[in-house]
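> Heads up: the sequence lines are chains A and B, in that order.
Positions 116 to 546 (this note's numbering) are the ones given, in order, by the first sequence.
Positions 116 to 546 (this note's numbering) are the ones given, in order, by the second sequence.
Each statement offered as a hint is correct.
As the list makes no split between identical chains, a pair holds if one copy fits it or if it spans any two.
Straight-line distance between alpha carbons at most 25 Å, and here's what the computed DMTMM-like set of lysine to aspartate or glutamate pairs gives:
(1) 430 - 526
(2) 121 - 334
(3) 430 - 170
(4) 121 - 395
(5) 430 - 441
(6) 430 - 351
(7) 121 - 326
(8) 121 - 291
(9) 121 - 392
(10) 121 - 267
(11) 121 - 281
(12) 430 - 199
Calculated directly from the structure, the hints in this document are not laboratory data.
There are 2 protein chains.
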Amino acid sequence: MPSNAKPFALSSRACRTRRQPISGLMAQAVENPDVISLAAGLVDDATLPTAEAADLLTAMLADTGAGRAALQYGTTKGLLPLREALRAHLVHLDGWDPAHIAATPDDLVVATGSQQLLFILGDMLVDPGDVVIAGWPSYFVYTGTLEALGAEVRCVDVDDGGMVPEALEALLGRLDAGGALPRVKIVYVVSYHQNPTGITLAGDRRERLLDIVRRYSRDHRILVIEDAAYRELTFEGAPPPSLKTYDPENRDVALLATFSKTFSPGVKVGYGLLPRDLVEPVVLAKGNHDFGSANLCQHLVLRALETGVYQRHVKRLCRRYAEKRDAMLAALQTHLGDLGPQVHWTHPTGGLYVFLTLPEAIETHSRSPLFARALEEGVLTVPGEYCYAADPTRTVPQNTIRLSYGVCEPDRIRAGIAALGRAVAHVLENP
Amino acid sequence: MPSNAKPFALSSRACRTRRQPISGLMAQAVENPDVISLAAGLVDDATLPTAEAADLLTAMLADTGAGRAALQYGTTKGLLPLREALRAHLVHLDGWDPAHIAATPDDLVVATGSQQLLFILGDMLVDPGDVVIAGWPSYFVYTGTLEALGAEVRCVDVDDGGMVPEALEALLGRLDAGGALPRVKIVYVVSYHQNPTGITLAGDRRERLLDIVRRYSRDHRILVIEDAAYRELTFEGAPPPSLKTYDPENRDVALLATFSKTFSPGVKVGYGLLPRDLVEPVVLAKGNHDFGSANLCQHLVLRALETGVYQRHVKRLCRRYAEKRDAMLAALQTHLGDLGPQVHWTHPTGGLYVFLTLPEAIETHSRSPLFARALEEGVLTVPGEYCYAADPTRTVPQNTIRLSYGVCEPDRIRAGIAALGRAVAHVLENP
Numbered sequence: 116m117p118s119n120a121k122p123f124a125l126s127s128r129a130c131r132t133r134r135q136p137i138s139g140l141m142a143q144a145v146e147n148p149d150v151i152s153l154a155a156g157l158v159d160d161a162t163l164p165t166a167e168a169a170d171l172l173t174a175m176l177a178d179t180g181a182g183r184a185a186l187q188y189g190t191t192k193g194l195l196p197l198r199e200a201l202r203a204h205l206v207h208l209d210g211w212d213p214a215h216i217a218a219t220p221d222d223l224v225v226a227t228g229s230q231q232l233l234f235i236l237g238d239m240l241v242d243p244g245d246v247v248i249a250g251w252p253s254y255f256v257y258t259g260t261l262e263a264l265g266a267e268v269r270c271v272d273v274d275d276g277g278m279v280p281e282a283l284e285a286l287l288g289r290l291d292a293g294g295a296l297p298r299v300k301i302v303y304v305v306s307y308h309q310n311p312t313g314i315t316l317a318g319d320r321r322e323r324l325l326d327i328v329r330r331y332s333r334d335h336r337i338l339v340i341e342d343a344a345y346r347e348l349t350f351e352g353a354p355p356p357s358l359k360t361y362d363p364e365n366r367d368v369a370l371l372a373t374f375s376k377t378f379s380p381g382v383k384v385g386y387g388l389l390p391r392d393l394v395e396p397v398v399l400a401k402g403n404h405d406f407g408s409a410n411l412c413q414h415l416v417l418r419a420l421e422t423g424v425y426q427r428h429v430k431r432l433c434r435r436y437a438e439k440r441d442a443m444l445a446a447l448q449t450h451l452g453d454l455g456p457q458v459h460w461t462h463p464t465g466g467l468y469v470f471l472t473l474p475e476a477i478e479t480h481s482r483s484p485l486f487a488r489a490l491e492e493g494v495l496t497v498p499g500e501y502c503y504a505a506d507p508t509r510t511v512p513q514n515t516i517r518l519s520y521g522v523c524e525p526d527r528i529r530a531g532i533a534a535l536g537r538a539v540a541h542v543l544e545n546p
Numbered sequence: 116m117p118s119n120a121k122p123f124a125l126s127s128r129a130c131r132t133r134r135q136p137i138s139g140l141m142a143q144a145v146e147n148p149d150v151i152s153l154a155a156g157l158v159d160d161a162t163l164p165t166a167e168a169a170d171l172l173t174a175m176l177a178d179t180g181a182g183r184a185a186l187q188y189g190t191t192k193g194l195l196p197l198r199e200a201l202r203a204h205l206v207h208l209d210g211w212d213p214a215h216i217a218a219t220p221d222d223l224v225v226a227t228g229s230q231q232l233l234f235i236l237g238d239m240l241v242d243p244g245d246v247v248i249a250g251w252p253s254y255f256v257y258t259g260t261l262e263a264l265g266a267e268v269r270c271v272d273v274d275d276g277g278m279v280p281e282a283l284e285a286l287l288g289r290l291d292a293g294g295a296l297p298r299v300k301i302v303y304v305v306s307y308h309q310n311p312t313g314i315t316l317a318g319d320r321r322e323r324l325l326d327i328v329r330r331y332s333r334d335h336r337i338l339v340i341e342d343a344a345y346r347e348l349t350f351e352g353a354p355p356p357s358l359k360t361y362d363p364e365n366r367d368v369a370l371l372a373t374f375s376k377t378f379s380p381g382v383k384v385g386y387g388l389l390p391r392d393l394v395e396p397v398v399l400a401k402g403n404h405d406f407g408s409a410n411l412c413q414h415l416v417l418r419a420l421e422t423g424v425y426q427r428h429v430k431r432l433c434r435r436y437a438e439k440r441d442a443m444l445a446a447l448q449t450h451l452g453d454l455g456p457q458v459h460w461t462h463p464t465g466g467l468y469v470f471l472t473l474p475e476a477i478e479t480h481s482r483s484p485l486f487a488r489a490l491e492e493g494v495l496t497v498p499g500e501y502c503y504a505a506d507p508t509r510t511v512p513q514n515t516i517r518l519s520y521g522v523c524e525p526d527r528i529r530a531g532i533a534a535l536g537r538a539v540a541h542v543l544e545n546p
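Take these sequences, add in the hints, and give me the full structure.
Structure representation (structure tokens):
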């Protein structure tokens, strides 16, 4: 910029919009291509359905009418037949009696991944200074987004059963006592195989959690955002019913999901089943953002659902991710299993993540000896500190690590965990 | 909503986000399928490149590596080879010496249509109460978006040469005198075949316009957004160089364009060449919106550019739209040419729109006798009042109409203008 040019005067929102810490990590992965990355939450390249997509697109574009429809503008809310298919898909996943839930295709909105709906819901509800409640830890891209919107993110403990209802109730009680309840707008729950822990919210907590939120919805309704991005990647046991199941009047829960993890991130198709009175604000906002996500991708996903290609693909994916999770858990037992009870990790029944806790004395952040040593040993992981929002009342644990088995082959996963084990041993021996 | 449910407490932005008036019109078009719509700015269904897209996608997905890359996550900023191709494309369109302009692929951002960049640029620069300057008339979806962001939109006359530089200078002078200059953030210019008038900003106004904006960039730089969505749909004469051409240091102008009008709206790929110090704020915001637009569509557009399929398609499109424009202009002469000098219309050299002015006594709004009569006669058009932002210092003309020749066949265009002519005659005879 030449010296005589004044800077732009950015908006207050722009000033709050910061680089996500994870982005530096991703740059490190690119700069160190030989390092085994257990960091990225990407999906396994080898599983991407190239042949299936080719068949579906060829059939679509060979039919001139269908092809033109896919290449023409769509609607802001999303392709109606896709929204109909998505409603049927949700009914199937939850085993709902179709009459159980007051949700029609009109209550579904298609978006550029579920992230776009997360953003818009935040933007439509949060004014600077408002409060959003999330898990401790939680999906950090969204908590970072909320902070850019000006939200104060307050956190609720997550244990092996997910967000702890009693802790949520206690937090809401404290906020109420402090006069902050009118500012509480959203409770954000990743309800299946949560990023970063892999933990699923227990079935018997779901209705209780909703009841608590309803009880505190005194001045206004507090929205529960149920982020079900990893739900269909369940490969052990049956997943519990969605939180949405306990919202038959369709008024409290925005259920969000995406085809990024289960079909293809490159099509960037996500969707949300929204409380009816939020549909209009969300669609109006999306009209200002882009007046509709890529129609071609919506037509592709619709065909994948209608032909059963999608459902078969998800089954294959689950088998593959189960194998990888098994490889990671076994390698953790082999290489970190003898370090005593202070070292433990989660045992996900689906999704892409294992969350590892080390002794409190071992720091895991990106300037830590362990992080440096792990890179030397040839493995990159996500420091757990990134996964905790900036709750002003809490201290971020420094001894956790997020591990993803999404991208690597089982052999690389084993080698990566072995490298991490060597790094941990080294740091323990050289305190 | 059950009676015991409290409403959500929407954000102040949500409260400012209103239904675009055009949406009611589009619903009317859907409800009256037999009516000839000269309203929608959609592209001609018959021109959509289904066979070309099929060939490109088949070749891409048959190559496993390329196919997986397209179905995997991309980057927030957009596919690097596409950004390289887009830079080359811009250099070609403007005939720049590649060294002429300090713009690299790093200064390009790919988005979900150019609308997403319009939104994000507004969001990164505008705080409620800030001022954005646009044409009178201008592209109303964006001025509506700006109003949702809290901007006060102030307008500058548009004549046959586009935005009038002297009028811009006078407005900036008045804002300065009133102490409002520190709040002026953006000057928005649709530089080619403007929606709604079809008018192109004259070549000899471009540098002057930029100079004026620079002169008033005293406290901070005022961004010029150059919306070039219709540039490549030039079918008569050579279009003038972009405004960006007069910004060789890449600091004042955000040049936005899209493949929606020239290739396929269904791929929703737009892009912007941004002043370097705006790239980071825009990319960070886009990270919060969706961390990248559909990668599959970006790969498709890249192949269309690289193979020349895109360039050939644009040539065919221009021939087709030229024929339709000719049909519309001839029909206007036939059916409205004898109504005296108070009735006149623009003569676009490209794009999709003709702007019609009627005698001041004839109102064109959606509750007007003319609008109702035109629907009865079988034609739907856009009341010109929608195309003027809510500038508090101006009175919206009530006697203009936007006509689009984008969608209909020439015969339907002629029939639609004949119907409009009958409606106008009827209203003139029954005042």
